[in-house]
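Protein sequences, first through last, are from chains U and H. Mapping the first sequence onto my numbering, position 190 (from 1) lands on 190, and the numbers just tick up by one. Mapping the second sequence onto my numbering, position 42 (from 1) lands on 42, and the numbers just tick up by one.
Warning: the hint list may mix true and false statements.
[To be verified] Dumping the calculated SDA-like pairs for lysine to any residue here, alpha-carbon to alpha-carbon at most 25 angstroms:
1) U/K214 with H/Q312
2) H/K65 with U/M100
3) H/K174 with U/D392
4) H/K174 with U/A239
[Said to hold, decoys possible] The following residues of chain H were derived to be distant from chain U, with all beta-carbon distances above 12 angstroms:
5) V35
6) A43
7) I58
8) F72
9) W87
10) I102
11) P151
12) W210
13) K214
14) L225
15) M244
16) G246
17) V264
18) I274
19) N310
20) K314
Honestly, the hints are just simulated from the structure, not real lab data. Everything numeric in this text was worked out from a predicted model, so none of it was measured. For every residue, glycine included, the Cβ atom is placed at its ideal position computed from N, Cα and C.
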Amino acid sequence: MKSVVSVVALVAAALLGSTSVRAADVEVIHWWTSGGEQAAVSVFAREFDALGGDKWVDTAIAGGENARSATLQRILGGDPPGAAQFNPGRQYEELIAGNMLLDLTDLATKENWAGFIRPASISEACLVDGHWWCVPVNIHSWNWAWASVPAFEKAGVELPTSFDDFLSKAPKLQEAGIIPFAIGGESWQINGAFGVIQTSLLGLEKREKILKDKDLELAKAEMPAVFEKFRQFKQFSDAGSANRNWNDTTNLVVTDQAGLQVMGDWARGEFGVAGEKAGVDYACLALPIDHPTVSTGGDIFLFPKQSDPAVEAAQLKMASMMVNPQVQALFNNAKGSMPIRDDVDMSLADDCMKRGLEIIKDPANIAVDAGRWQSNDTTGQFNDLVAQFWADDAMTVEAAAEQYVTILQNAD
Amino acid sequence: MTQIAEPGERAATGFAGTAAERKPRTRKKFNIQSVLGTTPMIATAIGVFVICIIFSIIWSFTNSKLFPNFNFIGLAQYERLWANDRWNISVRNLAVFGVLSIGISMVFGYLLAVFMDQRIKQEDLFRSIFLYPFAMSLVVTGLVWQWMFDPNLGIQSAVRQLGWANFEFAPLVKQETALYGLVLGGLWNGVGVTMAILLAGLRGVDSEIWKAAKVDGIPTWKTYLFIVLPMMKGAVATAFILQMTGIVRVFDIVIAMTQGGPGVSTQMPAVYVIQHITDRVNVGQGMAAATMMLLPVIILIGLQYLLQWNAQRKARKAA
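For reference, chain H alone in the conformation it holds in the complex:
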């Protein structure tokens, strides 16, 4: 998560710095201390991310089983991958899960942030409560949700015992609804952190704006939606990227809540990858799937850099 969140941070702070540095050209290009300080991180980033990713891609063109090898078999792994029902279902699930999770958590996160922004008493307490789920492992929360959704011991049986004998609420047992059960479980984790980031964004908006809006007689809700929200683009982008990276590699909550079932209806790409490089001992197939997972991430990062570059160019023009 951190490695992809980084560019976002840099967008917020770093570029302002480089833009300022650009003018006095006489300054030394590299500061020895900062180079020394960042070397381990650079080495890790290149060693762990770049080299590993390159090997993953290379192995995806081989027939590697338990031990990676270099017997190249062309695109066979990719052909098998895309002919596989389970993989196609996984990709579709990821799309649905992603759109729902991000959409709902952004909306609710923003609503919660607005609520917290009303200078309520006990704000700290509420913030802790909302943020707490994020501190917990998805395995633990996933299990708890699984129990709550279990028809024999969860919400359904509790309500039935209260007298509503025909009450039905067990999303995980049916393949049509299981994915939405997962979304619910995931949201509980994700909304709090979205709220925290958006709240920070809200607080960052100049209070003069509010005063001006008041003077103009704009209703509060309109101010929140049409004036303040566009002004906190950075916070929204950060929350979005953070969610996105969590979604692409969603794994633990699936294992804890459904194990991909019923059938294969809640399978996700990351589960496919992990299962193939471990128990199914087919590293080549796993790597092909991993490479496919990398694609949207690369596109996303590319898009982000494009936007930054664009913003930077505009800023330079303005200066």
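The shape of chain U in the complex, shown without the other chains:
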């Protein structure tokens, strides 16, 4: 179903691209197409239009990879969109180096972004060499698992207290006709879950040594166990997982057909849209359960340079709107993400988000998103490897670990 949306969106993008945009129209490319995501992005659109004059022109392209590709190609082709979504990290480093982005430093200094955006690792994604090149809009953490409370009740087992505990209870779920481990077959989903399990097994310190400092010896020693553990989950996934979207997968948990999904906190939006209640219909487990962490993923918007000063003024207005405390509250409540500032009214937040906000207070709980250290090229290779390992039972743990080390060694 989602793929149809993506086709329609691509066509729409092509059409929009071919017509010239009015002076104060700002075209925004993003990949927020699921129910919860749409609710969130329309907060931005509504608030921006309410500022008067300028108009938010929505170009939704399903799939982060597709949306980022479209943005990059259009910037290279000399037809940049007014604003575009990326994940914080190295995805846009060459756009900064190539001087193709609007410098937001003046605005950021005036509004004191550095003063209120927390934790510091969030602003680091946009603040490069003393200049602000993008606007962080939310904090998303991968380190969550979503469990269906009725599904576990049906199987007659308690919610899991660790991955090992889950693996021991999974056969019971299976007997009750429930898919124990819901996962979509897209490589980023598989590698995402793999990363969370990796963090749980290794702990933050070793993880950082491997992924950031590229400690090959440590990777050689530790990664086989991670792959070994990861493979144990496969027997508890379902046959339909190939090529399934993350939100269709989440929907299995929402409808109690599946027990558990390891997915970032954007999944919470889906539970919200379905009218589910945290703690009653579903449970959010911050991972690792014995020492919960929050990873600093999320979304940023960057603003490619424009020739038209009217559009540039509108871009700055949009950037300012995105960090506005009230907009931050509305947006993040709808999106299921954490706001990038502390002083927003999160009274609407559900228990899961409150949990996340609690965890993020302590810098020791922050797992820096791997995208900060790895280029998209490297991330892509890890995606390929982990997806191949997941699908191919003939691939040995040793071979996978060896390739993992090779990719790490050659990472730029």
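Dock chain H against the given chain U, drawing on the hints supplied.
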């Protein structure tokens, strides 16, 4: 597709012309009007194909990321490419996909063409039906096939609801069978056009041949297989080249049906190229892969010209 199909067309029509022109040497070498008329096409062909291909090859020896540069790093991109599991699997997949797709679609295309050749009623209707899939985007047909192969909503669940509870037919979910699912989806698109081309070839065969075969008492099937088929080499070659070019750059049906999965089991070279020059922002790696993809095409075109040259030489000898 067109730029590679062109030599085929020329083979059918053009060379007869040049052979005829060769004799009266007094004729002007270039006709101003035809030169003027073809200039835009020549410019496009050189500008778009030749120059772009040259740049692709140059960049494949550099470490270009988002912006192409000229920092030459030798063969490093190619070394990485051929050390990469996914690329090797892609190449293997392309070979299997190509052989199966072309083989089956040629056989079925010919059978369908023979069927259509029986002077059946409603021939136009059938031809439209068989040709229709070709008019549709592979993205659309790929999606429809993906739904049909989906274990939860497609053929499998439909048959199970009819009572066969253990029926299993979901090729795309297993990595051993996913590629064959792709072949099936692709065939549905490709068979019709093969049929149309081969049917045209069949109709081009002189009816006197048929009469002669009848007189000699040769069975119809033998006539089709051993007499008519060798006589329509041109149509077969056209259908083959057309399929071949579609196979080498197969992309959209993979994206629509499997996204290269499960795992990397249905990845294809074109997907690798596109992904590296877009989201993975590694133009150098993408260009190295693109250059490798160009190789078989160049070999194929070279082979074709060799055959043409050979045929031409024979024709001249005969004359």
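Beyond 12 angstroms from chain U, beta-carbon-wise, is H/N310? holds (44 angstroms)
Consistency of the no-contact label for H/F72, given chain U and a CB cut of 12 angstroms: At roughly 17 angstroms from the nearest Cβ of chain U, H/F72 sits farther out than 12 angstroms, so the non-interface label holds.
Beyond 12 angstroms on every Cβ pair: is that true for H/P151 relative to chain U? Incorrect as stated: the minimum Cβ-Cβ distance to chain U is 5 angstroms, not above 12 angstroms.
12 angstroms cut-off, C-beta based - H/I58 kept clear of every residue in chain U: holds (18 angstroms)
Just double-check H/M244 for me: nearest Cβ-Cβ distance to chain U has to come out over 12 angstroms. Holds, since 27 angstroms exceeds 12 angstroms.
Non-interface label on H/W87, tested against every C-beta of chain U at 12 angstroms: violated (10 angstroms)
In terms of Cβ atoms, is chain U entirely out of 12 angstroms range of H/G246? holds (20 angstroms)
Hey, does H/K314 actually stay past 12 angstroms from chain U on C-beta? Holds: least Cβ distance 49 angstroms, greater than 12 angstroms.
With a cut-off of 25 angstroms on the C-alpha distance, tell me whether H/K174 and U/A239 pass. holds (8 angstroms)
Compute the least Cβ-Cβ separation between H/I274 and chain U, then decide whether it is above 12 angstroms. The claim breaks: H/I274 does not keep its Cβ more than 12 angstroms from every Cβ of chain U (closest is about 8 angstroms).
Minimum Cβ-Cβ distance from H/K214 to chain U exceeds 12 angstroms: Holds: least Cβ distance 53 angstroms, greater than 12 angstroms.
Are all C-beta atoms of chain U more than 12 angstroms from that of H/I102? holds (26 angstroms)
When each numbered hint is compared with the structure, violations occur for hints 1, 9, 11, 17 and 18.
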